[in-house]
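The chain contents come next:
2 protein chains.
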Amino acid sequence: MSMSVTELVEKARAGHRRSLARLISYVENQTPEGAEVLHLLYPHTGHAYTVGVTGAPGTGKSCLVSSLTLHWRQQGYTVGIIAVDPSSPFTGGAVLGDRFRMREISGDDGVFIRSMASRGQLGGLARTTFDVMRIMDAVGFDFVVVETVGAGQNEVAIAKVANTTVLVEAPGLGDDIQAIKAGILEIADVIAVNKADRPGVKNTVRALKAMLELGHRKRVISHHGMIMSQDDGAGTIVDDMWMVPIVETIATEHKGIDALAEAIASHRAYLEESGTQLQLERMRLREELMDRLQTTMLKDLLQNIDSKTLDDVLDQMVSRQLDPESAVMQLLEYR
Amino acid sequence: MSMSVTELVEKARAGHRRSLARLISYVENQTPEGAEVLHLLYPHTGHAYTVGVTGAPGTGKSCLVSSLTLHWRQQGYTVGIIAVDPSSPFTGGAVLGDRFRMREISGDDGVFIRSMASRGQLGGLARTTFDVMRIMDAVGFDFVVVETVGAGQNEVAIAKVANTTVLVEAPGLGDDIQAIKAGILEIADVIAVNKADRPGVKNTVRALKAMLELGHRKRVISHHGMIMSQDDGAGTIVDDMWMVPIVETIATEHKGIDALAEAIASHRAYLEESGTQLQLERMRLREELMDRLQTTMLKDLLQNIDSKTLDDVLDQMVSRQLDPESAVMQLLEYR
Numbered sequence: 001m002s003m004s005v006t007e008l009v010e011k012a013r014a015g016h017r018r019s020l021a022r023l024i025s026y027v028e029n030q031t032p033e034g035a036e037v038l039h040l041l042y043p044h045t046g047h048a049y050t051v052g053v054t055g056a057p058g059t060g061k062s063c064l065v066s067s068l069t070l071h072w073r074q075q076g077y078t079v080g081i082i083a084v085d086p087s088s089p090f091t092g093g094a095v096l097g098d099r100f101r102m103r104e105i106s107g108d109d110g111v112f113i114r115s116m117a118s119r120g121q122l123g124g125l126a127r128t129t130f131d132v133m134r135i136m137d138a139v140g141f142d143f144v145v146v147e148t149v150g151a152g153q154n155e156v157a158i159a160k161v162a163n164t165t166v167l168v169e170a171p172g173l174g175d176d177i178q179a180i181k182a183g184i185l186e187i188a189d190v191i192a193v194n195k196a197d198r199p200g201v202k203n204t205v206r207a208l209k210a211m212l213e214l215g216h217r218k219r220v221i222s223h224h225g226m227i228m229s230q231d232d233g234a235g236t237i238v239d240d241m242w243m244v245p246i247v248e249t250i251a252t253e254h255k256g257i258d259a260l261a262e263a264i265a266s267h268r269a270y271l272e273e274s275g276t277q278l279q280l281e282r283m284r285l286r287e288e289l290m291d292r293l294q295t296t297m298l299k300d301l302l303q304n305i306d307s308k309t310l311d312d313v314l315d316q317m318v319s320r321q322l323d324p325e326s327a328v329m330q331l332l333e334y335r
Numbered sequence: 001m002s003m004s005v006t007e008l009v010e011k012a013r014a015g016h017r018r019s020l021a022r023l024i025s026y027v028e029n030q031t032p033e034g035a036e037v038l039h040l041l042y043p044h045t046g047h048a049y050t051v052g053v054t055g056a057p058g059t060g061k062s063c064l065v066s067s068l069t070l071h072w073r074q075q076g077y078t079v080g081i082i083a084v085d086p087s088s089p090f091t092g093g094a095v096l097g098d099r100f101r102m103r104e105i106s107g108d109d110g111v112f113i114r115s116m117a118s119r120g121q122l123g124g125l126a127r128t129t130f131d132v133m134r135i136m137d138a139v140g141f142d143f144v145v146v147e148t149v150g151a152g153q154n155e156v157a158i159a160k161v162a163n164t165t166v167l168v169e170a171p172g173l174g175d176d177i178q179a180i181k182a183g184i185l186e187i188a189d190v191i192a193v194n195k196a197d198r199p200g201v202k203n204t205v206r207a208l209k210a211m212l213e214l215g216h217r218k219r220v221i222s223h224h225g226m227i228m229s230q231d232d233g234a235g236t237i238v239d240d241m242w243m244v245p246i247v248e249t250i251a252t253e254h255k256g257i258d259a260l261a262e263a264i265a266s267h268r269a270y271l272e273e274s275g276t277q278l279q280l281e282r283m284r285l286r287e288e289l290m291d292r293l294q295t296t297m298l299k300d301l302l303q304n305i306d307s308k309t310l311d312d313v314l315d316q317m318v319s320r321q322l323d324p325e326s327a328v329m330q331l332l333e334y335r
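Line by line, the protein sequences give chains A and B.
Its first residue numbered 1, the first sequence is counted upward by one per residue in our numbering.
Its first residue numbered 1, the second sequence is counted upward by one per residue in our numbering.
One or more of the hints may lead you astray.
Note that the list lumps identical chains together, so a pair holds whenever it fits in one copy or between two copies.
[Stated by the list, open to error] Cut-off 20 Å, straight-line C-alpha distance, at most; resulting in silico cross-link-like pairs (DMTMM-like, lysine to aspartate or glutamate):
1) K308 with E281
2) K11 with E36
3) K299 with D312
4) K11 with D108
5) K11 with E333
6) K299 with E333
7) K255 with E281
8) K255 with D109
9) K299 with E10
10) K255 with E104
Simulated from the structure, these hints should not be mistaken for laboratory data.
Being a predicted model, the structure only gives us computed values, none of them experimental.
Only chain A is shown next, with the shape it has when bound in the complex:
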């Protein structure tokens, strides 16, 4: 006999790992049970502190996540890890050094690691990741860490839902890289320059400082990754006074991790004391709501339109008989 969602939720909240894994699978696969899971768990969310860790391949960010996890574990906190990067050792792409470090945390009962399969669903992956963060939050993890590779829409979208986003850099990447990643730099709350025993670390720190001074921290929250196609003019600019700290780390030797954890804690304190936390949360929820409303209404509409009708409209668009806006008006008749 299979367990009900309610039972699974209870067991997961009591610390049963296989139940937790089942709940996550329901949500990942977008089953009806998934909606029930989120409905049941939502009241229990809001406890965990979420940290996004993003950085290019080769910066050692997975190792840094392991080190940070170890640090929090030593302080008695529990940690959930979500790896979205397909090249991450958490998702099977490990190099030897990383695997060694991961072993230290993977047998630990206070750590839960889940990798997310990137199915090419852009907005979808971001939302699913957000929902999995919620599940981990609701079952009681103190920290939920999401690891993403620092490129592309997904990463930006996912990083933006975390409370604190840590950008991982490494020496030896030139100024050009920094320019390319300006978009990522903008979402970083804390920067870790990892592999700080490598030559060029001072240059990297200097280049990052220069770019931070150039940049501004005013953010239009309405344009957070989850709702990129939406354009309802409701953008609110949050004037963010946080000064992004740059922390040098050597994750393989567990060096600088205390300072990194402290920088994250400072950002957390800043968000809470300034009231930015609440403001951001409200705006994220608003965005999510708009996104879900759009998706649901489109799904409902498409159920009323048979594929022949849609094909005909597309044919007319392709042959230039019908412009997109008129096509919209025509299809909205099926509401």
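Once you have looked at the hints, place chain B on chain A.
Coordinates of chain B only, in the frame set by chain A:
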């Protein structure tokens, strides 16, 4: 007495530049006239060949666009240029060398340059750019070139609506960069390694070739930039057999531009002969339709909901009394 949209459209199609500029402004500012403009011009679209040129700052892509434009002009074609990159010399951020080259084309009647103000509206900017491309197409330009900086969601979104996307690289960027830009590499149809007189050009070409061999060209068209938040499962995979050519150019000396233009022409021929062109166009129009349907329905819904109701729902979400999916159900009652 102000001119009617119909009159402006007629004048723009007859070659009157100030009318064209007015039409574009209507669309950019999302005025009711803008919708009329697109309605009137849509039947005349489909003539222009659209080329996206994307690359990091410092690769000399604006200079390359100027050189390419000069090349096409010498062959008797007209060229419309849309600059989305805020640091582009086309939008005022010129360095001396670029301005010199631009002078060669900016006085030319067969060239029309328009810069798009990035207002931080992610999906919005992509769609507006697409609409401006349509206007330039409909008034008769043979080529419409969109220049974007190769980072971020906008760029990917805009590049994906172009028939051919040219990625501009330059020597001296290490392997790390290539990894970061893997997402951009995926959308490139032609790669120009500009500044090919610089040391390291062979390494750059080799690194790019290696990355191209790693990558695959199967694309899920449904995830094209304009509709990132949508997830209707209608993704269609197009198996793209095009082999991305790498062309070495020195735009400042007008070297390699013939070869670049030829590579673009080959890609165009490939798209047309393989039938991919039609397939891509249909899918792009489908995506645009879904995106517009979502936006319109959300706008309609929000008009029925007063701000107090929305605020109450958000308050309940923030206080964990109402989960997102239940909030959606509640608000959909206002349809």
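*Indices of hints not satisfied (ascending)*: Violated hints (numbers, rising): 5, 7, 8, 9; every other hint is consistent with the structure.
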